[in-house]
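Please build the complete structure, drawing on both the sequences and the hints.
Note that the numbering used here has the first sequence beginning at 1142, numbered continuously upward.
None of these hints come from the bench; they were simulated from the model. Some hints could be false.
Unchecked claim - DMTMM-like cross-link-like pairs, simulated, lysine to aspartate or glutamate; straight-line CA separation at most 20 angstroms: (1) K1308 with E1177; (2) K1308 with D1335; (3) K1229 with D1528.
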Amino acid sequence: MDNKGAFLRPCTDLLALCDCNNFFVSCERLFRPDLEGRPVVVLSSNDGVVISRSNEVKALGVKMGEPYFKVRSFLEMHGTTVFSSNFKLYEEISSRVMASLRRAVPSMEVYSIDEAFLETPPEGKSAPEEWARGLRGTILRETGIPLSIGMAPTKTAAKLAAERAKKHPGAGGAFALLPGKPWDDFLRDIPVGDIWGIGRRWSDFLKKRGVSTALRLRDSSDDWLDRRMGVRGLRTAWELRGIRCYPIERLEKPQKSIQSSRSFSSPVRDRESLLEAVTEYAMIAGRRLRSQNSLAGSLAVSIRTNRFKESFFRAEQEIIFQTPTDSDIRLIRAAADALFSIYREGHDYEKASVWLGRLSCAGMVQLGLFGDEGEEDRGAALSRAADRLNGEAGRRLLAPAALLGEKAWRPRRDRDSGLTLEDLGKLPVIAEEPPPRQNLQ
DNA sequence: TCTGGGGTCCTAGGACCC
DNA sequence: TCTGGGGTCCTAGGACCC
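Structure below.
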């Protein structure tokens, strides 16, 4: 292959990655300032695994994704405060953080619930780190959420810079890799597996071939990268050379698929309980579908037993809609049909999922040959009315009778802080940075 | 006893067509 | 003996991310 990189010049512009520190833990601490400086974790749905750790817990060696039952007594021993996750709350806090950021920059891309790529404003270009520290202070003041900012010409380098900002006590929460300056000393210390886009499999592959650091990856030949890793490997290496391959996506794109799934609090054997669960998941997915103004062309249901047991059983069925839909009635009916076609008696089911696929934009529908458009209109209108009512009430008022009441399949959340969006409204505006303390990483 | 949920992109290989 | 070749579309599965 030719040296494709020869056509591209290193980028001289700076972008900034803002990454909220220990985001879910930070959210819970907003309401519990007494937990500042103390070990805290947030658990996944069903209190299954650890998904957010305070610095104190990271220092204890507890890993991301660790099953809770394995570390429970260890965490207790160290006086850790444990929370079930409260995603509604985290999403709301996230949108406040994003709104604060948006006021500070010309444009940005919300990358995840706790990260955003920012275009650097003119005032940030002359003294990037100083500007970033100021921004960090602003966000902390306005939302109470601490974050780290990495600046670099490319996203991949900015991710590494943010990691350094987070871990380096002297960085003040910001670190910049400037264009035109040598990054060699910095990249030499980065294990190849810490690079954005290099997961466990690529990391093992690269290390076996002597490419163990970010510097080595950057300096690998384009030909080798292309042959052994394909376009993803090439782009990653170029980004480490300062050549921008992933631009800031300023426009929010609608999702291409929507999934709703939960693990059950205890195994489920009977078809009726599974039907209740997939009905609920279809409605959750339907609400998200309508909120982004899309129609689903297909719906798939999958059910499975405990994947860590030898008797593991899994089944999946996809239903293609004749005409794309956003009507709960049709989604639920399809979910039931799919479920009944795959359900087998005698298994301890642990989880069910509903996927919506082949999404299209509402308003660009092609009418089906054997249209049931009349029913379609009624079903969709009904679903939107329910969205509106439920949205105004802030909780679910309209739901099938079968979903009312306590259900054994609903996920466990024994450590729920019980906070609601109303509590968020009562929160005093936080003005001060927490007192400095020893960095425990 | 107990092991999350929600996404995206890339690639290889088969089907199909001319 | 010899059994085309190339393009496009689609899908499943892998790998990665937070």
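Verification of the hints:
no. : hint             : verdict
1   : K1308 with E1177 : 18 angstroms, holds
2   : K1308 with D1335 : 13 angstroms, holds
3   : K1229 with D1528 : 16 angstroms, holds
In this structure, none of the earlier numbered hints is contradicted; all agree with it.
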